[in-house]
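Trainee: With the hints as extra help, turn the sequences into a complete structure.
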Amino acid sequence: MTRTEETVWQDPPVSTVPCLTVPVCPLSRPQSVEHGFPHQPSALSYSPSLQLLAIGTRSGAIKLYGAPGVEFVGLHDENAAVTQVHFLPHQVELVTLLDDNSLHMWTLRAHQGHSELLEIGRFTLTGPPGAPPSVTRVTAVMAHSSGELLLLGTEGGHVFIVEVPGFRELEERNISLDQVASGVPDNYIGRRNLEHVEALQENPVNPNQVIIGYGRGLIVICDLERRCSLQHIPTTQQLENVWWTEDGHDILSSHSDGSYCQWIVGREDVNEEVEKSDIPYGHFPCKAISKIVQLPTQEGPPFLMFSGGMPRASYGDRHCITVIHRKTHVALDFTSRIIDFFAVRDGPQHTGDPSALVVLVEEELVVIDLQTEGWPVIQTPYLVPLHSSAITCSHHVSTIPLKLWERIIAAGDLQKTHYSKMQWPITGGQNLAPDPPQRDLLLSGHEDGTVRFWDASGVCLHPMYKLSTAGVFHTDADPNDNMNQGSEGEWPPFRKVGCFDPYSDDPRLGIQKIHLCKYSGYLTVAGTAGQILVLELNDEAAEQTVEANVVDLLQGQEGFRWKGHTRLDVRDEPVLFPPGFQPFSLVQCQPPAVVTALNLHSEWKLVAFGTSHGFGLFDYQQKNTVLVKCTLNPSDQLALEGPLSRVKSIKKSLRQSFRRIRCSRVSLRKHHVNNAAKLQEANARLEVELAEMELAPVQRKIEARPSDDSFTGLVRTLCFADTFLSDSSHNSPSLWAGTNGGGVFAYMLRLPPLEHRAEEAVTAQPAKEIQLMHRAPVVGIVVLDGHGSPLPEPLEVAHDLARSPDMQGSHHLLVISEEQFKVFTLPKVSAKMKLKLTAIDGSRVRRVGVAWFGSSRSEDYGESGLVILTNQGDLHVVSLPTVKMQVQHPCIRREDVSGIASCVFTKHGQGFYLISPSEFERFSMSTRCLVEPRCLVEAPLHRSSSPRRRPQADGGSSAHRTPRPDSEDSEVLQEIQKSLEGDQMSFVGNNVSAVA
Amino acid sequence: MNRNQRVPSSRCLSAVEVKSKFGAEFRRFSLDRSKPGRFDEFYGLLQHVHRIPNVELLVGYADVHGDLLPINNDDNYHRAITTASPLLRLFLQRKEEADYTFGTNSLTRKKNAVLSAVLLRPDTNKKKPPVIISLPKDFRPVSSIIDVDILPESHRRVRLYKHGQEKPLGFYIRDGSSVRVTPQGLEKVPGIFISRMVPGGLAESTGLLAVNDEVLEVNGIEVAGKSLDQVTDMMIANSHNLIITVKPANQRNNVVRSGGGGGGATSGSSGRSSDSGASYYGYSLQSATASVPSHIIQNFPAGELESDEEDEDLVIEAGGEAEDITGTPSDYSMASLPRYQPHLNLRPPTTTSPLAIDANGTMPGSSSSGSLSYAIAPSGTPSPERGTDRRTLEEEGTVITL
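As they're listed, the protein sequences go chains S and E.
Start counting the first sequence at 1; every next residue gets the next number (the numbering used here).
Start counting the second sequence at 1001; every next residue gets the next number (the numbering used here).
Careful: at least some of the hints might be erroneous.
[As the list claims (entries may be wrong)] Under the rule of at most 30 Å between Cα atoms (straight-line distance), these lysine-lysine pairs were calculated in the DSS-like manner:
#	chain 1	residue 1	chain 2	residue 2
1	E	K1021	S	K701
2	S	K416	E	K1162
3	S	K832	E	K1162
4	S	K834	E	K1188
5	S	K701	E	K1095
6	E	K1226	S	K701
7	E	K1167	S	K701
8	S	K834	E	K1167
9	E	K1095	E	K1188
10	E	K1162	S	K701
Please keep in mind that the hints were generated in silico from the structure rather than gathered at the bench.
Mentor: If you want it as structure tokens, here you go:
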């Protein structure tokens, strides 16, 4: 089940294009997949039997992950945060608790050979009439190991028992506060007010025994069968969490003062005896230990893991999980707030030694290998934080040749040596999706000057390689300033883990544009301070100096003063570059404004770049500048004085940091504030805001676009084309540039013959200028060949991957502005056709791409089309070469400006956009190219972990070994199993033998 | 009366030096600035000095801006006298000979060229009205009410002619809610309203749009269901030829239809323009004007309606000369467009569009200096907007050969 929009794709209107006989792009529904790390996760759960991990988010989404490729997404109808997720033991169901106090039952149901995540029930606890809402406000949830009961602890201190999956209240079995309070020792300080139920835990060896931990500190062991309390453990500190050890002998309790205590079970007489009490980072006041886990090992002492407990004054801002085993004591120091953690255990029953620690922090998932010396981090195959440094741009390259693919992987592997060799420990489900038909690469540029290469072929967006451009420049960061290495004997023994690092040393390093030639392995990246690097893939490390070419884009125009940031300072000394993409040429624009357009022609060995001041052409073979053109309007002061991007990014980063602070202050675990009051307050505020809006309505000025608008000279797009620029009999290389003010500049390029390419100069001659009268920004330029198809990419024909363009017929120029699509004839430029988008429906083109749509019916038929995303968030497909609308589909909310701005299209009718700072959503408009998770999760056969019922468990596993019965037999088997195990339900209705 | 003698202006500021041209003949005389007298006296004087006592004349003068303005009543006569400095140049023409080829170069006033033609034309239906005002066709329209015959009386379709002039459109729009009558009763629906007029802007000067008018359509496309930003972008994209259908907040000044075919003759039609919009649009559009009654006289030739200045993208070929790109050439000729010749022949003499005259507002000779310069078509020279373009381009280097 994917999170998709409701709207249905419409069949395209009957096209007037004669060749469009096979519907190539309609889809019955939009396909989408989410990549990356969920924004604002709020809950974590793990099912050892299913080997699945579940994450709930503050936006009400629930995501399940298993083996790589196995993932499910569900969305609650309520717009409320998921505060808790619990798998029912040994079942395929899971329960979620939302912020609005509703409980939801989800299941994985097999359907047509693959599983779907479905919501099958919802429930809200109802108290006795007249009771305050706190009585039924759920604070703790425990899924009983029987898989049939759910224990709900509430703010009022009661424990309600509910039968699942049907959510039937078992009123007679509820454990009320009064029952418990009557048994509390008289001398216990907190007996007047036990407060809410903070924790519920089942005895691992006796499922009838349950701990109820109250907020005030009292821990009560109850017997569910006999409905009486067995033991009272009065602690004096506010309780945070409890843990019942594997053997059932001991109970660990963690407290708000940073202490934890170990209590022995079953000694009713010696109530107050603490076996062990400790404040691990003591002396000075400490923060609470919010969760504590102790897991035994086959030989030797157990693992103890707890989160928090840091000294309040000195390290109160750290997000730490402490792991103690034998003599090893490490405080894992995360870069963002800890949501929850669990340990994956070895063995067929998952009851063996802990093998990996899985920690969900606010911005990433970190998995630590506990079996290898040094506890290295395991690289995650999914849930990778895309935003470990903020994403500034992205670029997609389809159908990567195998050779380049392997070289990038090899370069990437060298960067991953510090990761553990351990297999990914979460292995639930089977990935049934077919192997991706092609190798696709997504490149993301980041604020810290890195470019990350992602394998975007399938459902898992897998990191391949990371390129850092910061090494070319001197930055403020001190290379010796490595926070990872704590000094010897430091206490607490911190170890930095995780890769989320929102802080950039120098915002000028930010990557703004990327262009990769997949055939030659040449890459060019351009950044915020007007730097353009040309890089080449090298399998060996190399030490080299990168020579900088400063290009004055103002061309000596007088009276201009750049008030923005300065140029980056280039290192003069040779720099050692590891294997991978290594820079060999650097262009620095003057003024150092952000690069707004970039293109690379690997066959001609030319790089074109543009800023708000003009554009240039750089010959990276001879390392000289071929052409510089200033597009600046002399009256445009704004473009002169400051970098547009800096103003924006400071504002943005301020906003983001405020948001971060706000988020980190809201603690989800503390839900004891009266929510109704909060809601009322928010509503009242909203009403006031609405009233204000009524008073001062938003107005829009209606005015024709003035010719002296700001940033008219900003270069929006650059395009290389081999076409007919001067006469219709000779084609020649050309460069096209489009500006923000509706201007198009065309240059004819003269390239020396190949044998003299290194010596003779490349020249560029101005050939044409077009000023669109509607003056809207030119966002795309496409040259169409005699057949009306877009010209192939450089080297594409040479590699036999594209038909050579038709050079006989007349070529056409397609200029895409924000408002119109216009086709001009070539070489004499005269308007032939146009599509006025804005004049018709008021939307403006934000992103545009050329895509090839393969027919789903006929293997070898396909058409090219323009894919556009408008400022309304709608996707349109526009036919080529007759610019006509084909299909339209709402895709992104129009308020989501950053989502719209982040969109990139692939060459095969797919696209990516950021749905949050950390997640890409992939959509497809092509019937041929679909990427969606298809996976199957089977209900586990019941294997009780309790030693008391081990024999039955064995029986269960033997049933597992028997040949899979067909569905009728399975029902019979179910009956037998049921009678064998009493009331234990072993099979769930949906355990269909689906691997047929 | 020292009529035929030239009086040096420098010595006698109270006298106005007059140079009057009729055909190939000139007459020079002076008038007392403080006592100009009445227009009919002046008219008699002119007939006298040119010795053409029985010839019906049209009198025009060149004002300080080089615009040719008419003298046909006391007011503009006095105006002409008081503003003359020092020379008052008069151009006389026989009424029956009055030609209409003027206006083709009125913008050549930079060169202070000789005005080659006379503006006025007598109204053949009436004998000497007490106050002669210029006819609508002598002005360039800045706005008009169109499609009166096909719209409900409560609606008004207004066309604003931007024509490359520098005057801002000058209005703001906002979100609001309006009440619709539905079978279920009254229903409140969101709508777009005009929220503010910029003083001196085109919208205000037309008097056809007012604050709180509800915008229903932009260039034939309904705005219902569109956001404020979308409607803003639509209007801006159509700003060169904006047709807005409004439901005026003040319903008292609606055009009352005379009924039948007579009404048809009084309105232009935007049918052509909204049709063209629909034809570019791939989806099914509710084209409100698709069924324009055939009897409606299409006052505007197709080329004029699709004037679409934005189509005239400027292309500069290296080493060549700039040229305007015409739109789809097979459809209509853009070559003839830059001259606004068509405007002048548009309306049959019976067409009286008082609103268009109102829009011009100022009577000839009033203090508003440039009022007539707007009215006279820019003709052969490029629009000022394009002119600035070239200026910009000229500064940029070798490419430009303009």
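Trainee: Work down the list of hints and note, for each, if the structure agrees.
Mentor: Evaluation of the provided hints:
A hinted pair counts as satisfied when its Cα atoms are at most 30 Å apart, and K1021/E with K701/S does not qualify at roughly 49 Å. At roughly 64 Å between alpha-carbon atoms, K416/S and K1162/E are farther apart than 30 Å, so this suggested pair is violated. At most 30 Å may separate the alpha-carbon atoms for a hinted pair to count; K832/S and K1162/E meet this at roughly 25 Å. Only pairs whose Cα atoms come within 30 Å are accepted, and K834/S paired with K1188/E is rejected, the gap being roughly 38 Å.
Between K701/S and K1095/E the CA atoms are separated by roughly 47 Å; this puts the pair beyond 30 Å, and the hint is violated. Between K1226/E and K701/S the CA atoms are separated by roughly 16 Å; this keeps the pair inside 30 Å, and the hint holds. As the CA atoms of K1167/E and K701/S are separated by approximately 14 Å, the hinted pair is consistent with the 30 Å bound. Between K834/S and K1167/E the CA atoms are separated by roughly 28 Å; this keeps the pair inside 30 Å, and the hint holds.
The hinted pair formed by K1095/E and K1188/E fails the criterion: a straight-line CA distance of about 59 Å is larger than 30 Å. Taking the CA atoms of K1162/E and K701/S, the gap is about 16 Å. The hint holds against a cut of 30 Å.
In this structure, the hints that do not hold are numbers 1, 2, 4, 5 and 9, in rising order.
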